[in-house]
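Trainee: So the sequence lines, in the order shown, correspond to chains A and B.
Quick note on the UniProt record's numbering: the first sequence kicks off at 1 and runs consecutively.
Quick note on the UniProt record's numbering: the second sequence kicks off at 1 and runs consecutively.
In case anyone wonders, no lab produced these hints; they're calculated from the structure.
A hint or two may mislead.
Here are the simulated EDC-like pairs of lysine to aspartate or glutamate, each with C-alpha atoms no more than 20 Å apart in a straight line [unchecked claim]:
| # | chain 1 | residue 1 | chain 2 | residue 2 |
| --- | --- | --- | --- | --- |
| 1 | A | K101 | B | D304 |
| 2 | A | K158 | B | D362 |
| 3 | A | K73 | A | E91 |
| 4 | A | K158 | B | D187 |
| 5 | B | K329 | B | E407 |
| 6 | A | K73 | B | D187 |
| 7 | A | K111 | A | D137 |
| 8 | A | K73 | B | D74 |
Partner residues are not named here, just some residues of chain B that face chain A (Cβ under 8 Å, in silico) [unchecked claim]:
| # | residue |
| --- | --- |
| 9 | T282 |
| 10 | P303 |
| 11 | G352 |
| 12 | G354 |
Every beta carbon over 12 Å from chain B, so not counted as near; a handful from chain A, in silico [said to hold, decoys possible]:
| # | residue |
| --- | --- |
| 13 | N17 |
| 14 | A29 |
| 15 | G35 |
| 16 | V36 |
For clarity, every value in this text was computed on a predicted model and none was experimentally measured.
Glycine included, C-beta positions come from ideal geometry on N, C-alpha and C.
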Amino acid sequence: MSEPEKDHGTVVGEDPNRRDFIYIAAGAAAVGAVGVIAAPLVSQMNPAADTLAMASAEFDLGKVSEGMQVVIKWRGKPLFVRYRTPKEIKEAEDVKLSELKDPQADADRVKKGKEQYLILVGSCTHLGCVPTFGAGDFGGWFCPCHGSHYDTSGRIRKGPAPLNLAVPEYEYLSDTKVKIG
Amino acid sequence: MSDHPSTYEPKTGVEKWLDQRLPIVRLAYDSFVDYPTPRNLNYWWTFGGILSVCLMIQIITGIILVMHYVPHVDMAFNSVERIMRDVNYGWLIRYVHANGASMFFFAVFVHMFRGLYYGSYKAPREVLWILGCIIFFLMIATAFMGYVLPWGQMSFHGAVVITNLIGAIPVIGGPILTWLQGGFAVDQPTLNRFFSLHYLLPFVIAGVVILHIWALHVTGQNNPAGVEIKSKEDTVPFTPYATVKDGLGIILFLMLFSVFVFFMPNALGHADNYIPANPLVTPAHIVPEWYMLPFYAILRAVPDKFLGVVAMFGAIAVIFVLPWLDTSKVRSMRYRPVMRWFFVIFVVVCLGLGWCGGQLPDDMVFSIGTSASGTPIGLNYVWLTRGLTLYYFAFFLIIMPWIGLKEDPLPVPASISEAILADHAKKKG
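One chain only, chain A, in its complex shape (with noise of 0.2 Å):
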């Protein structure tokens, strides 16, 4: 690189660097045209900013009779708001956090005094299907696509799901209302 070029009619005593240095300055400078012109290409597919508005959802678990579920969209996702007995509540609750492969106690996935009710996203952390409700080893979840079975907190139990069902955020309005996210 640095070598004399004679074909092209480098003068003789010429410094070789200065051409290395347009070199390097050219192609830094290509490669810096390139990534800001790929950064808003790749940025497009993003969600948009109409996608990410989406609205929070309010709910009246007047609605959900003991022992039942219901199924309401949120963020295009299934989200369970589920009614639990205190047969399954107990259940939930009487499981040693040890036996757990993701350990949480029953506790932190409901809101004190309201235990009854379970809000879930109801999307398997295996590959995002929708467990059915009320099947599987645990009285909680199945997931139909791979066999992932959930407990009545809709914690991991058995199965290639890494992680319990995920409990959005969400607050009471009233003693029967919730808006969630």
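Fit chain B to the known structure of chain A by using the hints.
Mentor: Same frame as chain A, now just chain B:
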């Protein structure tokens, strides 16, 4: 072959004029008319031509379908139904396109197994083989995105499961998943971009096919004897010999194709995909299209989420490096008495993986009784799949390098013409 001198002689004035400016007729003539072909090619070699026909059929029917399809979550399903019911010959074009994908994969699997058996990946054809692997990978991506477009239940939940595979990558998986889906779930942005890419990728495939044929014509074709062309006696001109042989193969293939299109157009599909997509309910038994089942089985065989994804992609990646895993000096398995049996087992294992991929993992293959608690004892599909997966990887990573060093191959003929003469002598008795 690269050292084959051009024999094209432009006859008319127009041809001469064009030949001096763009020798495209010369290129076609030298590649598909006077091109020297090994004279011992069998019918397994017709699948290259069959595959080019498949690609053309898919592109032509696809372009027509786009004239009627609407890539919107509320309208996609109905627009496909409209194609089936109202558009003139829409049913035919869609059935050809949908079954065409299956026929394309059937042909590509035969083509790949042929390359594997006759050692077509071995030096100097490594780049040719890798280009073929790239085409195969692009085909999988294209077929997957095409399957999403009708926006039925299988389309939607298939898209959910496959995009979530990316989410299994530690740390960066989540953001990449959101970037890929264009939101927090599979929805309108996902459908739109899949449609865009499904239209683009076939043309990318066509480009790589040109490179594939270019590489083929640089090294020359492999042949059942696995020895290189040595003299003019070893070859016949591409036209009429290969064109006619390919032509017969293509006609037989199109007959099989027609049986599916006209008599059992939904045999390879899934009934659930005639239910409009519903994000709130996953079908009880979710399966991909048949040609993905072996890879799907490997995914499910591994209990860990991320490692399952690694194994599935690894099953494809290992095919890319095949030229460097085979240590044998002999190319064709015709002269490899031990390896050919491992090859037969490998084909059976691949079919077995496909079968397992379509079953529920906890179901029993066979049971030998029930335990005290009533659960059946025996072999379930998960464990069968694990065994088959183990052989799949062992075939490439252990058997291939090891047998190549240990095996005593049969004597290889000195040339293609000698192999043919020996064959004739044997037949005469």
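Trainee: If a hint holds in the structure, say so; if it does not, say that too.
Mentor: Results of checking the hints against the structure:
{"no.": "1", "hint": "A:K101 with B:D304", "in the structure": "holds (12 Å)"}
{"no.": "2", "hint": "A:K158 with B:D362", "in the structure": "holds (12 Å)"}
{"no.": "3", "hint": "A:K73 with A:E91", "in the structure": "violated (28 Å)"}
{"no.": "4", "hint": "A:K158 with B:D187", "in the structure": "violated (29 Å)"}
{"no.": "5", "hint": "B:K329 with B:E407", "in the structure": "holds (10 Å)"}
{"no.": "6", "hint": "A:K73 with B:D187", "in the structure": "holds (12 Å)"}
{"no.": "7", "hint": "A:K111 with A:D137", "in the structure": "violated (26 Å)"}
{"no.": "8", "hint": "A:K73 with B:D74", "in the structure": "holds (16 Å)"}
{"no.": "9", "hint": "T282", "in the structure": "holds (4 Å)"}
{"no.": "10", "hint": "P303", "in the structure": "holds (6 Å)"}
{"no.": "11", "hint": "G352", "in the structure": "violated (19 Å)"}
{"no.": "12", "hint": "G354", "in the structure": "violated (17 Å)"}
{"no.": "13", "hint": "N17", "in the structure": "holds (39 Å)"}
{"no.": "14", "hint": "A29", "in the structure": "holds (28 Å)"}
{"no.": "15", "hint": "G35", "in the structure": "holds (17 Å)"}
{"no.": "16", "hint": "V36", "in the structure": "holds (19 Å)"}
Checked against the numbered hints listed earlier, the structure breaks hints 3, 4, 7, 11, 12; every other hint is satisfied.
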